[in-house]
Amino acid sequence: MFWAIASTVVGLIMASLMIFIRARASKRPTNGARILLPPLFMSTGAFMFIIPMFRVSFPQVIEALVIGIIFSVFLIKSTSFQIEGKNIYLKPSKYFIIILVGLLIARIILKVMISSTISVGETSGMFFLLAFGMIVTWRLVMFFNYQKLKKEL
Numbered sequence: 557m558f559w560a561i562a563s564t565v566v567g568l569i570m571a572s573l574m575i576f577i578r579a580r581a582s583k584r585p586t587n588g589a590r591i592l593l594p595p596l597f598m599s600t601g602a603f604m605f606i607i608p609m610f611r612v613s614f615p616q617v618i619e620a621l622v623i624g625i626i627f628s629v630f631l632i633k634s635t636s637f638q639i640e641g642k643n644i645y646l647k648p649s650k651y652f653i654i655i656l657v658g659l660l661i662a663r664i665i666l667k668v669m670i671s672s673t674i675s676v677g678e679t680s681g682m683f684f685l686l687a688f689g690m691i692v693t694w695r696l697v698m699f700f701n702y703q704k705l706k707k708e709l
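Throughout, the working numbering is defined as the position within the sequence shown, counted from one, plus 556.
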């Protein structure tokens, strides 16, 4: 029970950090590296699967990734760019915070639902994959949209 609560608190802290980072990002021009590096840095979390406690079955991997991709649609819809001069900026969205909080609540509800049927380690592994699938999909779409705008410049 402790680990379930602790991981939820960490999720809340990370969501708050994401809101703060996103607010700051809209004040500086963006580039391809700023878009693609966060998923690359997050990918190091996959080392958790070295520890047997966090390993999940192949169907669970597919399930978590598909749910992450579905969740990414909300982030994709709330993300847009604007051209100012010769620079491309992330356009602030008033819905981003609402969507992020909504996704966090959905993740918490899902975690509570499945934590009674699978171990805390497997739950952690699945939610890492869910978040990774969501962020990679969102960032790839962002990168392709950025590239289109860059060509217009």
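Simulated from the structure, these hints should not be mistaken for lab results.
Hints may be right or wrong, so weigh each one.
Simulated restraints on C-beta separations [what the hints assert, rightly or not]:
#1 S672 <-> N701: 36 to 44 Å
#2 M609 <-> Q638: 21 to 29 Å
#3 I607 <-> E708: 13 to 21 Å
#4 P594 <-> K707: 38 to 46 Å
#5 M609 <-> K707: 26 to 34 Å
#6 S672 <-> L705: 21 to 29 Å
#7 T600 <-> V629: 33 to 41 Å
#8 L705 <-> I561: 41 to 49 Å
#9 I575 <-> L705: 36 to 44 Å
These numbers were taken from a predicted model, which means no experiment stands behind them.
Using N, Cα and C, we set each Cβ at its ideal position, and we do this for glycine too.
The hints, checked one at a time:
Checked against the hint of 36 to 44 Å, the C-beta distance between S672 and N701 comes to roughly 40 Å, which is consistent with it. Range check, M609 to Q638: about 45 Å between beta-carbon atoms, so the 21 to 29 Å window is missed. The hint said 13 to 21 Å for the Cβ distance between I607 and E708, and at roughly 47 Å that hint is violated. Roughly 23 Å separates the CB atoms of P594 and K707, a value that falls outside the hinted 38 to 46 Å.
A hinted range of 26 to 34 Å for the beta carbons of M609 and K707 is inconsistent with their spacing of about 47 Å. Roughly 46 Å separates the CB atoms of S672 and L705, a value that falls outside the hinted 21 to 29 Å. Remark: the range hint 33 to 41 Å for T600 to V629 is contradicted by a beta-carbon distance near 26 Å. Between L705 and I561 the Cβ separation comes to about 43 Å, which falls inside the hinted range of 41 to 49 Å.
Checked against the hint of 36 to 44 Å, the C-beta distance between I575 and L705 comes to roughly 24 Å, which is inconsistent with it.
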